[in-house]
Amino acid sequence: MVFLNIPLLVRARGPDEFWRKRRIFKLAAHYRSRTRNVYSFAIRSVHRALAYATTGRKLKKLDMAQLWTTRVEAGCQQYGVALDTFKEGLARSDIQLNKKMLSDLAIWEPRSFEALVNISRERAAVEGLPDIKRRSAFNQVYGLSNLKLD
Amino acid sequence: MSLLAQSMRQVLRHTTQRATLNGAMRALSINQKLQQQNKPATIDVAAIAKEHQQECQTVCERINQQVAKSEQGRLFAVVHLCGKQFKVTPGDIILVEGYWPPTTGDEISLDKVLLAGARDFTLIGRPMLDAGLVMVKATIIEKTLTHTKTHFKKKRRKQYMRINFQRSPNTMIRINSIELTRPLDGMAEAEAEHSIRLF
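Sequences listed follow chains A and B, in order. Just so we're aligned, residue 2 is where the first sequence starts under the numbering used here, counting upward by one. Just so we're aligned, residue 18 is where the second sequence starts under the numbering used here, counting upward by one.
Watch out, some of these pointers could steer you wrong.
Selected chain B positions facing chain A (in silico; Cβ < 10 Å) [claimed, not checked]:
hint	residue
1	C99
2	V113
3	Y116
4	W117
5	L131
6	L132
7	G142
8	R184
9	N187
Just so you know, these hints were derived from the structure itself, not from any lab. C-beta: ideal position from N, C-alpha, C; glycine also.
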């Protein structure tokens with residue numbers, strides 16, 4: 002093909018019609034009804050599917066994060082600690098496990114998770130977080146609540 | 018006050034009290050002895066500190082005994098690698114996504130151990146365990162590319178359509194072994210924090 006000027010270049014539509022359509026039909030091979038066989042329907046649904054797949058890769062990450070949060074929350078509820086308190090307690094104890102790890106531990110290592118909950122609860126009590134009703138022994142002595150434990 | 022921190026770091030589960038959930042929680046509770054004191058006015062801080070110290074020591078000793086007799090079973094560890102955290106145990110294969118320099122066949126040790134545990138104890142790092150306390154050895158077994166991901170955008174009736182294809186590198190790592198290198202002592206760890214560490 003020789004493109005002597007711009008309009009000809011624009012008009013040249015790439016590969017042969019058969020191959021162009023075949024590429025779309027291959028992607029639509031497992032669709033049902035006319036979206037599989039009729040090009041005008043097929044290309045519409047293939048484009049939509051590809052766009053969904055692109056956004057879906059991002060949504061998957063968000064979904065997983067949500068799932069981990071739910072799992073950690075459920076794990077905390079077993080021991081009567083709210084999720085926010087648990088996370089705050091861990092952060093103040095300088096324990097930097099992420100949500101994914103906490104949910105994994107809650108499921109597969111329940112005793113380690115229990116230890117984490119206890120640490121977090123103790124720290125929350127010592128620092129006087131509002132959610133913890135029981136005061137720590139350190140708070141019963143005047144002024145000790147202001148002490149930093151490190 | 019650092020003693021409380023140390024006892025937090027190492028929590029040994031009392032196997033005898035494990036029968037009930039309540040018992041297990043009481044066994045795990047760090048301020049077990051503090052709760053029993055009903056009169057706040059008479060609390061002696063030094064006594065509390067001493068109790069914590071003793072409790073911490075006994076916990077460490079029990080862990081050491083178990084490790085010495087190699088009854089601890091299979092260890093697991095939570096390692097930080099390439100900005101992600103993985104819970105690993107010997108024999109696992111983990112997948113590192115994206116560019117990562119090591120090549121196939123390299124033997125590496127994963128140093129950022131956030132947490133290590135076995136059946137009866139858990140060591141919790143704040144945020145990491147001491148360097149060299151837990152050795153996690155790993156081998157890089159494969160470097161490949163992901164499947165082709167199609168990045169497709171289209172706006173209807175706006176003559177806008179973009180399509181790109183991308184493949185990113187993937188690295189497979191096998192965890193060879195996780196070992197406790199030295200016996201624990203509750204005292205030494207607080208001072209060891211100041212050692213020169215690049216990360």
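Tested hints:
1. C99: 13 Å, violated
2. V113: Violated, because the Cβ-Cβ distance from B/V113 to chain A comes to roughly 15 Å (cut-off 10 Å).
3. Y116: Given a least distance of 18 Å, the restraint on B/Y116 is violated.
4. W117: Since chain A brings no Cβ nearer than about 19 Å to B/W117, farther than 10 Å, the hint is violated.
5. L131: With a minimum Cβ separation of about 6 Å from chain A (threshold 10 Å), the hint on B/L131 holds.
6. L132: Holds, because the Cβ-Cβ distance from B/L132 to chain A comes to roughly 7 Å (cut-off 10 Å).
7. G142: 8 Å, holds
8. R184: Violated - the Cβ of B/R184 stays beyond 10 Å from chain A, reaching only about 14 Å at its closest.
9. N187: 15 Å, violated
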